[in-house]
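Chemist: Could you put the whole structure together from the sequences, leaning on the hints where they help?
For reference, the chains in residue letters:
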Amino acid sequence: MIPTAAFLALAALLFALGVLAFFVKKDLLTQFMAVEIMLNAGNLAFLALARSLGKPDGQAVVLFVITAAAAEAVVGLAIIVLVFRRRKAVRTDDLKELRG
Amino acid sequence: MAGLFWLIPLIPGASALALLLAGAKLPRKWAAAQASGAVLLSFVLSLAAFLRLSGGGPDVPALSKTLLSWIASGSFTASITFQFDELSAVMALVVTGVGFLIHVYSAAYMAGDKAYSRYFAFLNLFMFFMLVLVMASGIVLMFVGWEGVGLCSYLLIGFWFERPAASKAGLKAFVVNRVGDAAFIVGILFILAHVGSPEFAAINAASASGLLAPGLVTLVAVLLFAGATGKSAQIPLHVWLPDAMEGPTPVSALIHAATMVTAGVYMVCRLNGLYAASVPASSVVAWVGGVTAVFAATIALVQNDIKRVLAYSTISQIGYMFLGCGVGAYAAGMFHLVTHAFFKSLLFLAAGSVIHALGGGQDMRRMGGLRKYLPVTFPVFLTGALAISGVPFLSGFFSKDAILTSAYAGGHHVLYALGLLGAVLTALYMFRLIYLTFYGEERFEPGPGRHIHESPPAMTVPLVVLAVFSVLAGYIGLPVFFGAKADRFGRFLESVLKAPAGHPSLPAEALLVLAATASALLGIFLAFVLYKRNPEIPPRLAYRFPGLYRLLVGKYRVDEAYDALFIRPLVRGSETVYARFDLKVVDGVLNGSAAATGMAGKGLNILQTGLIRDYALAFVLGVVVFLGVLLL
Chain A
1 MIPTAAFLAL
11 AALLFALGVL
21 AFFVKKDLLT
31 QFMAVEIMLN
41 AGNLAFLALA
51 RSLGKPDGQA
61 VVLFVITAAA
71 AEAVVGLAII
81 VLVFRRRKAV
91 RTDDLKELRG
Chain B
1001 MAGLFWLIPL
1011 IPGASALALL
1021 LAGAKLPRKW
1031 AAAQASGAVL
1041 LSFVLSLAAF
1051 LRLSGGGPDV
1061 PALSKTLLSW
1071 IASGSFTASI
1081 TFQFDELSAV
1091 MALVVTGVGF
1101 LIHVYSAAYM
1111 AGDKAYSRYF
1121 AFLNLFMFFM
1131 LVLVMASGIV
1141 LMFVGWEGVG
1151 LCSYLLIGFW
1161 FERPAASKAG
1171 LKAFVVNRVG
1181 DAAFIVGILF
1191 ILAHVGSPEF
1201 AAINAASASG
1211 LLAPGLVTLV
1221 AVLLFAGATG
1231 KSAQIPLHVW
1241 LPDAMEGPTP
1251 VSALIHAATM
1261 VTAGVYMVCR
1271 LNGLYAASVP
1281 ASSVVAWVGG
1291 VTAVFAATIA
1301 LVQNDIKRVL
1311 AYSTISQIGY
1321 MFLGCGVGAY
1331 AAGMFHLVTH
1341 AFFKSLLFLA
1351 AGSVIHALGG
1361 GQDMRRMGGL
1371 RKYLPVTFPV
1381 FLTGALAISG
1391 VPFLSGFFSK
1401 DAILTSAYAG
1411 GHHVLYALGL
1421 LGAVLTALYM
1431 FRLIYLTFYG
1441 EERFEPGPGR
1451 HIHESPPAMT
1461 VPLVVLAVFS
1471 VLAGYIGLPV
1481 FFGAKADRFG
1491 RFLESVLKAP
1501 AGHPSLPAEA
1511 LLVLAATASA
1521 LLGIFLAFVL
1531 YKRNPEIPPR
1541 LAYRFPGLYR
1551 LLVGKYRVDE
1561 AYDALFIRPL
1571 VRGSETVYAR
1581 FDLKVVDGVL
1591 NGSAAATGMA
1601 GKGLNILQTG
1611 LIRDYALAFV
1621 LGVVVFLGVL
1631 LL
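In order, the protein sequences belong to chains A and B. Counting in the numbering used here, the first sequence runs from 1 upward without gaps. Counting in the numbering used here, the second sequence runs from 1001 upward without gaps.
FYI, nobody ran anything at the bench for these hints, they're computed from the structure. It cannot be assumed that every hint is accurate.
Unchecked claim - With the Cβ distance kept under 8 Å, some of the chain A side facing chain B (calculated, not the full set): (1) Val-19; (2) Phe-22; (3) Phe-23; (4) Asp-57; (5) Thr-92; (6) Lys-96; (7) Arg-99.
What the hints assert, rightly or not - If we take Cβ atoms under 10 Å as the criterion, some of the chain A residues that face chain B in the derived model are: (8) Lys-26; (9) Leu-28; (10) Gln-31; (11) Asp-93; (12) Leu-95; (13) Glu-97; (14) Leu-98.
Claimed, not checked - Over 12 Å on every C-beta distance to chain A, these chain B residues come out as not near it, computed from the model: (15) Gly-1360; (16) Val-1620; (17) Val-1623.
The beta-carbon is built from N, C-alpha and C at its ideal position, and this holds for glycine as well.
Modeler: Right, dumping it as structure tokens:
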């Protein structure tokens, strides 16, 4: 059986990759995918711990996260499409109207 | 029917509510008819309850009904309870009887006014509060009526609020009354704290039994009397009543002559146990009344506005009532209240008829010779003048004589002399008014297309009815010559108002009656000499004594003194506080906090770059720091 630590290491790696991608990439769509990777890294950690502790709680949380992520994807993608329609570009650094 | 006595105040109250809500949509005739009908109904109920009370002999208990329990807080309770004892009966009959006649008169007098239903709504509302005042069984409920009539007084003085003088007069009446009412409330609180019950019976019993310390009794009595000086326009709070003449004349007759302004006298009589228990407080009442009686009469001598003469006359006559109450003759004070209600409302309504005839003029210098134009108004006016002057066998003679006799019998000889002097002055100013208005050359100029005309029957019939009462009302309280039981009024009130202790011997009383008669006739004779036979004398007197004349015309400069002592310092102080504290400190704190917030915002602004990357970085750093702290 694969030890729990391995799963957790993979989850940490995935999360770190997500964070890195979020900071390095400069278009909205890729950053969005980075966020999804971070979410799934979290899911993996939950599932691994749920298995090792023998409790279903972690699995339930994962179901919730998937639901929330689906909703978030709908709203996020809609925003990205609208931004693209207006600006013909989705470069994050150009979007700074909210500067104080 | 007497069992329905608790409806007496509620009927005009309901009518007032209906008129206030829907009055503008009702036909004008209906508004007047509804208002008058409501008061007539109250009068009939009062009469029924009075007959029950007077028919049953002395052991019939007073009618009393608790409508609801109002305040219940710890051991203190106050309920809405109406009672109908002998004193309330007298007041309710006067209020509803005179009130009904004035409603009928108003229907014609106010016929041309655009706010007809508002007028009758306020008049009905006044009847409601006045009847609550006289039928309340405790001082807390009485205070509701007390303030309510003050409100209606304000509303009706300022009825023609488009006129700045009228709205100013209403405000003055309200503010001056507040001064007295502040003392009144403190008095009530003392009673509630030390007696524990707002019921009149409990207060009187506690004062008589010595439950209250003598000093406390005096304090409470004087505080309550301070409220009465405001409501009943006695020195030093008399200044509002002459200005109140800016209101419609029937209002002056009803509120500022017959009923509301006598509420103070009623209050003193209602709490006669309290006042009887304190000699100093009674002296204060008697002296304020006696001095006011003469003081106001001297001002009335030189006024030229017909309604203002009557206003000062009212102040003076209420002074007599307080004089009577102060010397312990509560029934005599009430007796004068009743007769005064008849002849003074008669005089006011007749003056209204004169003003109506002249198309609005109130200045007696622009009247004269009116007696042949006003064949009804003149004789009734003369009747009222004779009654108030104390000419024998008219009502004012008996009631004033009862007060003066009691003052003399109680050993208050200076007060008696003041009363006698006031009687001379009363006859003098009343007949000065008669001669200036109805005799002599015609000094008025009817406007184009106008002619002097007698008033319609709706106005003259109430005048005649009141004139009849002004003559006959005195016979309910005859002096002792007519037999020991001739004073039916005093005997009726005996269970509520204790009779004064001493009675002078018959010859002494005869002398007193002669003195009163002589002073009335002297006043009339003086008026005849000064204003009919030798009208050139008064201007010469004014020329010879310019200081005295100006003092009287200036009403002893009381208004000016209050202005300098209270009003202007208050205004100036407020302006100073506004400039120094409001503008600098209060506004400074507010502006300072706004500026501080603005600066903080500007400082934090640089953090808000608008770049998502920066926010994410802050987020990640935050998590790292948080986890670092958690792990270490």
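Chemist: If a hint holds in the structure, say so; if it does not, say that too.
Modeler: Quick rundown of the hints versus the structure:
Taken as an interface hint, A/Val-19 checks out: its beta carbon lies about 6 Å from the nearest beta carbon of chain B, inside 8 Å. Proximity of A/Phe-22 to chain B holds as hinted, the smallest CB-CB distance being about 6 Å (cut-off 8 Å). Look at A/Phe-23: its Cβ gets to within about 7 Å of chain B, closer than 8 Å, so that hint holds up. Against a cut-off of 8 Å between C-beta atoms, the interface hint on A/Asp-57 is violated, since the closest Cβ of chain B lies about 21 Å away.
The closest approach between the C-beta of A/Thr-92 and any C-beta of chain B is roughly 5 Å, which is under the 8 Å cut-off, so the hint is satisfied. For the restraint placing A/Lys-96 at the interface with chain B, the shortest Cβ-Cβ distance is roughly 3 Å, inside the 8 Å limit, so the hint holds. The interface hint given for A/Arg-99 is met, as the beta carbon of that residue sits about 3 Å from the closest beta carbon of chain B, less than 8 Å. Taking 10 Å as the C-beta cut-off, the interface hint given for A/Lys-26 holds, the closest approach to chain B being about 9 Å.
Contact between A/Leu-28 and chain B, as hinted, is supported at the beta carbon level, the nearest pair being about 9 Å apart and thus within 10 Å. Residue-level restraint check for A/Gln-31 holds (minimum Cβ-Cβ distance to chain B is 8 Å; threshold 10 Å). For A/Asp-93, the interface hint holds, the least distance from its beta-carbon to any beta-carbon of chain B being 6 Å, beneath 10 Å. Given hint, A/Leu-95 at the interface with chain B, holds; its Cβ is 7 Å from that chain's nearest Cβ, closer than 10 Å.
Restraint check, A/Glu-97 versus chain B: the minimum CB separation of about 6 Å is within 10 Å; hint holds. The beta carbon of A/Leu-98 comes within 5 Å of a beta carbon in chain B, closer than 10 Å, and the hint placing it at the interface holds. At roughly 71 Å from the closest C-beta of chain A, the C-beta of B/Gly-1360 stays outside 12 Å, upholding its exclusion from the interface. Not every CB of chain A is more than 12 Å from the CB of B/Val-1620 (nearest about 6 Å), against its label as outside the interface.
The claim that B/Val-1623 lies off the interface is violated: its Cβ sits roughly 10 Å from the closest Cβ of chain A, which falls inside the 12 Å cut-off.
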